[in-house]
Structure formats: C-alpha cells, structure tokens
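Novice: Each chain is listed here by its residues.
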Amino acid sequence: MFGRKKSASAPEVQSVDGVSISEAPRRERTTIVGKVIRMQSKPAQGLPTMVVSIGDDTGTCIATWTGRRTIGAITLGRRIAITGVGTDASGILTFVNPEYQLLV
Amino acid sequence: MKIIIAGAGSVGRYMAEQLSKFGHDIVLIDTSAKAVGRVDNQSGKIVGLVGDGCEVNTLANAGAKDADVIAAVTGDDEDNLVISLLAKQEFGVPRVVARVNNPNNEWMFNEMWGIDVSVSTPHLLTALVEEAVAVGSLVKLLSLEHGKAGLNEVTLADNSPAVGKAISELALPRESTVVAVIRDGHVVVPTPDTVLHAADEVLILATGDVESELGNALIGNK
Amino acid sequence: MHMIIVGCGRVGSTLAKELSSEGHDVVIIDRDATAFRRVGENFTGKTITGIGFDRGVLTSAGITANSAVMAVTSGDNSNILIARVARELFGVSNVVARIYDPRRAAIYERLGISTVATVAWTSNRIRQTILPHESEPEWSDPSSTFQLVERRISAGLAGTTIEKTEANIVLLHRVSSTEVPASSTVLQQDDIVHILATAQDIAAFDAQLSGAATSHNGGHS
Numbered sequence: 001m002f003g004r005k006k007s008a009s010a011p012e013v014q015s016v017d018g019v020s021i022s023e024a025p026r027r028e029r030t031t032i033v034g035k036v037i038r039m040q041s042k043p044a045q046g047l048p049t050m051v052v053s054i055g056d057d058t059g060t061c062i063a064t065w066t067g068r069r070t071i072g073a074i075t076l077g078r079r080i081a082i083t084g085v086g087t088d089a090s091g092i093l094t095f096v097n098p099e100y101q102l103l104v
Numbered sequence: 001m002k003i004i005i006a007g008a009g010s011v012g013r014y015m016a017e018q019l020s021k022f023g024h025d026i027v028l029i030d031t032s033a034k035a036v037g038r039v040d041n042q043s044g045k046i047v048g049l050v051g052d053g054c055e056v057n058t059l060a061n062a063g064a065k066d067a068d069v070i071a072a073v074t075g076d077d078e079d080n081l082v083i084s085l086l087a088k089q090e091f092g093v094p095r096v097v098a099r100v101n102n103p104n105n106e107w108m109f110n111e112m113w114g115i116d117v118s119v120s121t122p123h124l125l126t127a128l129v130e131e132a133v134a135v136g137s138l139v140k141l142l143s144l145e146h147g148k149a150g151l152n153e154v155t156l157a158d159n160s161p162a163v164g165k166a167i168s169e170l171a172l173p174r175e176s177t178v179v180a181v182i183r184d185g186h187v188v189v190p191t192p193d194t195v196l197h198a199a200d201e202v203l204i205l206a207t208g209d210v211e212s213e214l215g216n217a218l219i220g221n222k
Numbered sequence: 001m002h003m004i005i006v007g008c009g010r011v012g013s014t015l016a017k018e019l020s021s022e023g024h025d026v027v028i029i030d031r032d033a034t035a036f037r038r039v040g041e042n043f044t045g046k047t048i049t050g051i052g053f054d055r056g057v058l059t060s061a062g063i064t065a066n067s068a069v070m071a072v073t074s075g076d077n078s079n080i081l082i083a084r085v086a087r088e089l090f091g092v093s094n095v096v097a098r099i100y101d102p103r104r105a106a107i108y109e110r111l112g113i114s115t116v117a118t119v120a121w122t123s124n125r126i127r128q129t130i131l132p133h134e135s136e137p138e139w140s141d142p143s144s145t146f147q148l149v150e151r152r153i154s155a156g157l158a159g160t161t162i163e164k165t166e167a168n169i170v171l172l173h174r175v176s177s178t179e180v181p182a183s184s185t186v187l188q189q190d191d192i193v194h195i196l197a198t199a200q201d202i203a204a205f206d207a208q209l210s211g212a213a214t215s216h217n218g219g220h221s
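Residue numbers (our numbering), protein chains in the order written: chain D, 1 to 104; chain Z, 1 to 222; chain F, 1 to 221.
No lab work stands behind these hints, which were simulated from the structure alone.
C-beta atoms are modelled at their ideal positions from N, C-alpha and C, and glycine is treated no differently.
Some hints here could point you the wrong way.
Below, computed lysine-lysine pairings styled on DSS-like, alpha-carbon distance capped at 30 Å [said to hold, decoys possible]:
#1 K35(D) x K17(F)
#2 K42(D) x K21(Z)
#3 K65(Z) x K2(Z)
#4 K35(D) x K21(Z)
#5 K21(Z) x K65(Z)
#6 K42(D) x K65(Z)
#7 K42(D) x K148(Z)
Partial selection, computed: residues in chain Z whose CB lies under 8 Å from chain F [to be verified]:
#8 V82
#9 H197
#10 V210
#11 E213
Here are a few chain F residues that sit away from chain D, every Cβ distance over 10 Å (derived from the structure) [unchecked claim]:
#12 E18
#13 S21
#14 T49
#15 S74
#16 R87
#17 E88
#18 L111
#19 G112
#20 Q147
#21 S184
#22 A199
#23 F205
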C-alpha cells in the first residue's frame, strides 16, 4: 500500500565537493576525495593509531585516527571523502581525526 | 614566531614574558581576567585573552590557525590534554607542548592527544636530583622527538671503564654521540681525542634503545 | 553486564540504582566519597573513591573489554578522558560520555566516542545507548504495531547502503548532523540511525547488526 520512495526526492549523497590533494589549503577546514591506497595500524607506545594513505589524481595525503586500530569499511581501494584541518608539517598533507564519508 | 600559551598561572606568565623578550608574538589565554592581567607586557608583544582554551572558539580567537606553537600549561592535566588535542586536530598547530601536573597522568601525554613534547616538573626535578647525586649511573635528562631520542648524563665514577680513554676508544653504540663533557665547572667540547677523567659529567645524545650499551661503555655494567 | 559509572551526581546515581536493581554488576566511581550518599544504603553495587581516568582505579573497578562504561561526571574534559582510556587502553567498546557543550560533543564524536549532551537528555538516554535492546522504543503508534527505535551502526555493518539493509531508516545522525538519508547513503561505524518499523522488522535489522558484528574481521564492502 505504501511504497518506499526511492532516492528521487531524498538528498543525493554520492557526489561530494572536495578539492584536489595538491591544491588543498593547509590549516584550513577542507574536504578531499580519494581512494584508500595504504592502510597501517601503528601502535604508538603501545596504544593504537590508524594511519591511512589516500590518493587522488594529484597526490597522496594521510589520515590518522588516534585511539583506534580499524574503522568499519575503511579498507584498501575504498573511495572516501575526508574533511578536516590538514598540515604538512611532516612533509605530507596529514589530517588528524578527520570526519570521513564512505563513498560507493 | 606566533605562540599561544594556555594557562596564565606563574608558569604561563613567566613563559609569556620570557618568550616575548625573545621577540615572539604571544597570546596568553586564561579563564581568569585577573591572572591574564598580572602578566608584565613590557615588550608589548603579549596579547591577553580571557577564555577557556578547551573551547574551539577561544583557540580560534587566539589565532590558533596561524600559531607555530601552542603551550598547554594550565594547572589541570585534563585541560592540557584537551587543549592539545584540539590544537592538533582542529588547527594543525605544528608544535604542541604540554605540561604534566600529576606524574600519574604522564602516560597520556603523547601523540594520542596531539602532544609533541610533554614536560613533567616532578619528573624533571627527580631527574635533576638524580643527576646531582648519582655518580656512576646513567640518568635520562630529556626526551626529544616523541621519545625517539634522549639526552643522557653520566658522572664517571673512579672505576668507570671510560676513565683514561679517548672518546674514540669507547665502545659507544652507533646511534649515540657525546655532546658535551663538563669538567670542573667548564664545558669541554668533545672531540674524538678527548680523554675522559673520573668525575667528568658526560652528556650523550642517543636515539633508540641503547641504555645498556651506554652503561657498559661508561659505567661497566655486566 | 559489568557496568562502570564514573560520577555519582544525579545522573550517575540514578543509573547506578536502576541498573543495579535490574541485576547488573555495577561499580560507581567518584572523587568525592560523600557523593555516594546519593545511591543510598540499599545499593548492592560497589563504590570506589578515586579518579575515573586513572588506570589503577579502573583496574580495581574490574574493567574488562566487555564492561560498559558511562562517563557522567560534571566535567566534559574528565568524561572524554575516561571514555578514551576505557576504549583505548582497556578495549571497552560500550562507552558513553556525557558532554555538556554540544559543540565539543561533535568534535569528540569524530573520535568515535558515543556522546550524550545534557540539555535534553537524562539518564534514560544514556541507558538507551548502553543497553539499546533492553530499552523502551522512543515512540510507538497507538496500535503498538510500529515502533521508533534508535540503533548504533557496528563496524560490521559499515559500508552497507541503507537500501541494502532493507530497514526503514528515517533519520541518520552522524557526528554533528542529523538528516533524512537517501537510500543510497553508505552507513558508517558509529552512525546513529532511527528506524520506524514493526517489531519484527526491527528484530531483523538487529540480527544484521549483530550478525555483521560477529563476522566482521576488518571490513567488507
């Protein structure tokens, strides 16, 4: 009797507005869209840290999550959008505990 | 450099005053207007901000976005941890320094909370006391680079295997270097030919886990 | 369940009494021993005077990875510390922190910590977060056919689109925003979803949640 409306009227969330990694401003809230190209679970002094390399056509950046070893569905090859304040103090654009959005 | 100091107690105010004399631009934050007001702004380079450093808005108003260093030196460890995390996570501050009030909390003061360098006064005092009284044992004075490097000190005992040897003859581990020798109140700049005497205070910078090798070379551990 | 509550104020003491009377193994921690008068003399749980983020204190409270930890002290910072220590050092996954300041709550939710803001919420909300399957639905229709319940997405269900779950997810709360989601939205770990459905359909979704949780071994698409 009642049909579930399909995506037609609900907001589409697959296209995310982001900037390319090479042009991403430093130390300003920004969103980049890319693919997970490397995963590392790095214990720092025995406590868990998750370090993920994300790449797009223009370069690579790093997302670090403190206090976790894994995050569901963040795996190699996953398309993902990262929003946060990045710095390149370590030589590569790095985000600490960014917001993320899994993309199909 | 632009430096934000959170906590205008005696430590924070002293830091603000000293660092501003070196020419840095300082923003000093505290929830107490009175505390902020006590700072001596002779240099004119200190800006006081009354607010809670644990709030993103306060850090934004303090110019965290452009800060080179933030020092979280309040008398409250919880506040220092949170301020540090926000500085790193929300503002990408390149260097975050935090004060440890209670040594029991020291274990948390690292990258997990965005902290690059932590300073624990009780720990430092203990190390310095140990350095003053301990002859013939290796004392770690300071950790650098997230704990990957350390500055160690040994006052050579009479029976140290290093006494009478040149620095080049010591079996020091590869990842270490003698950075100074203090003898009779003078600093001797070490060269490979410098011969060590008993009662010399030897300062060594080392990376990696080399304490036992250093001990063997300078103290004669088994 | 083994439950550790830090902060014996109004919310903490209410939770302690309720959960203890329901048969759970409750330990309540507070810095100030006089706060324990709030749980009364008939309290069958354990009280510990100490600092809730101290490793020794949590160990003496019997914390294990299967404990549930509720950080409900009067200080946001303390609550975050407690939550992180419980989760990161002791491996506790069922953790909730009360955060008074909603702006801070959003920041901490990014760390994956369940937070509950105080303004509109009471001990009921905290209870719902810790024991989602043993709590009353947020709403039922007059015929009691349909219920509105809240669920937290597990790591195992992350990566699945709403469409694929076949559940009627009407609201999605993620970090700092709440939205009516598209069916193509990809669910993420720690998302809070509100489902409006029959008890049967809700049970089917719960089976997906826990089935996915037990088979999860680092993520699947």
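Novice: So, for every hint listed, does it hold in this structure?
Specialist: Checked hints:
no., hint, in the structure
1, K35(D) x K17(F), "violated, 49 Å"
2, K42(D) x K21(Z), "violated, 41 Å"
3, K65(Z) x K2(Z), "holds, 10 Å"
4, K35(D) x K21(Z), "violated, 48 Å"
5, K21(Z) x K65(Z), "holds, 23 Å"
6, K42(D) x K65(Z), "holds, 28 Å"
7, K42(D) x K148(Z), "holds, 15 Å"
8, V82, "holds, 5 Å"
9, H197, "violated, 45 Å"
10, V210, "violated, 28 Å"
11, E213, "violated, 31 Å"
12, E18, "holds, 30 Å"
13, S21, "holds, 33 Å"
14, T49, "holds, 27 Å"
15, S74, "holds, 24 Å"
16, R87, "violated, 6 Å"
17, E88, "violated, 4 Å"
18, L111, "violated, 6 Å"
19, G112, "violated, 6 Å"
20, Q147, "holds, 17 Å"
21, S184, "violated, 5 Å"
22, A199, "holds, 18 Å"
23, F205, "holds, 15 Å"
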